[in-house]
Amino acid sequence: QKEVEQDPGPLSVPEGAIVSLNCTYSNSAFQYFMWYRQYSRKGPELLMYTYSSGNKEDGRFTAQVDKSSKYISLFIRDSQPSDSATYLCAMSNTDKLIFGTGTRLQVFP
Amino acid sequence: EAQVTQNPRYLITVTGKKLTVTCSQNMNHEYMSWYRQDPGLGLRQIYYSMNVEVTDKGDVPEGYKVSRKEKRNFPLILESPSPNQTSLYFCASSSGWGRETQYFGPGTRLLVL
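Taken in order, these protein sequences are the chains called A and G. Taking the working numbering, the leading residue of the first sequence gets 1, the next gets one more, and so forth. Taking the working numbering, the leading residue of the second sequence gets 1, the next gets one more, and so forth.
Don't take every hint at face value.
Said to hold, decoys possible - In silico lysine-lysine, BS3-like type, Cα no more than 25 Å apart, as pairs: (1) G:Lys-71 with A:Lys-96; (2) A:Lys-42 with G:Lys-71; (3) A:Lys-70 with A:Lys-56; (4) A:Lys-96 with G:Lys-18; (5) A:Lys-96 with G:Lys-65.
Unchecked claim - Okay, the calculated bits of chain G under chain A, using three or more residues with CB under 8 Å as the criterion: (6) 41 to 55; (7) 99 to 113.
As the list claims (entries may be wrong) - Example chain A residues on the side facing chain G (calculated, C-beta under 8 Å, incomplete): (8) Ala-17; (9) Ala-29; (10) Met-34; (11) Tyr-39; (12) Lys-42; (13) Gly-43; (14) Glu-45; (15) Gly-54; (16) Tyr-71; (17) Phe-75; (18) Leu-88; (19) Ser-92; (20) Leu-97; (21) Thr-101.
Source of the hints: derived by calculation from the structure; they are not laboratory data. Note that beta-carbon positions come from the ideal geometry of N, C-alpha and C, so glycine has one too.
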């Protein structure tokens with residue numbers, strides 16, 4: 001079993017939809033939780049970064065961490081075609097940093 | 001413009017021919033790292049460096065070498081490339097020791113025949 005599980009998609013939604021992207025993990029020692037966005041033929045770029053449990057909002061993006069369920073989510077409101085990309089979750093503690101395999105999102109006009 | 005650059009962006013080589021992929025950052029970051037990205041396996045860390053002359057192995061270091069002689073540069077060396085090192089490689093950097101907020105380069109696509 002992988003330490004971090006992420007549905008590869010693709011997830012296809014119409015413009016304006018609310019998107020929910022998720023990751024589950026098995027290591028309860030993870031303390032930092034990140035979401036990266038990766039456009040085709042580009043490097044990943046950091047979207048959201050949270051420490052421990054709770055919610056964090058940045059514009060149309062909300063990151064949610066539920067440590068009791070070992071589950072993290074990224075919500076995208078009013079999704080746009082420019083949001084079409086692969087979204088990678090990542091999590092870390094003092095010993096390791098693990099990335100998910102990514103979920104491909106397609107937002108069609 | 002703050003950025004991480006990698007060269008070359010694309011490389012085709014043959015088994016056993018030594019190669020170096022360069023990485024440079026202009027943000028005065030202490031932490032730099034190398035990753036490989038493979039389908040179904042995600043990003044896996046090869047090596048990282050906390051500062052000049054300080055390097056350490058990541059999760060998949062076999063077959064790779066690195067050096068950190070200057071703060072801005074962190075080259076990845078494949079002394080004797082093999083086909084299983086065909087992959088997409090990313091260099092990344094971050095300030096302090098924070099691995100959590102890394103800036104990634106554009107990637108180097110390597111094919112080893």
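The hints, checked one at a time:
no., hint, verdict
1, G:Lys-71 with A:Lys-96, "holds (23 Å)"
2, A:Lys-42 with G:Lys-71, "holds (24 Å)"
3, A:Lys-70 with A:Lys-56, "holds (17 Å)"
4, A:Lys-96 with G:Lys-18, "violated (30 Å)"
5, A:Lys-96 with G:Lys-65, "holds (20 Å)"
6, 41 to 55, "holds (count 5)"
7, 99 to 113, "holds (count 9)"
8, Ala-17, "violated (26 Å)"
9, Ala-29, "violated (15 Å)"
10, Met-34, "holds (6 Å)"
11, Tyr-39, "violated (10 Å)"
12, Lys-42, "holds (6 Å)"
13, Gly-43, "holds (3 Å)"
14, Glu-45, "holds (7 Å)"
15, Gly-54, "violated (16 Å)"
16, Tyr-71, "violated (18 Å)"
17, Phe-75, "violated (20 Å)"
18, Leu-88, "holds (7 Å)"
19, Ser-92, "holds (6 Å)"
20, Leu-97, "holds (5 Å)"
21, Thr-101, "holds (4 Å)"
Going through the hint list in order, the structure does not satisfy hints 4, 8, 9, 11, 15, 16 and 17.
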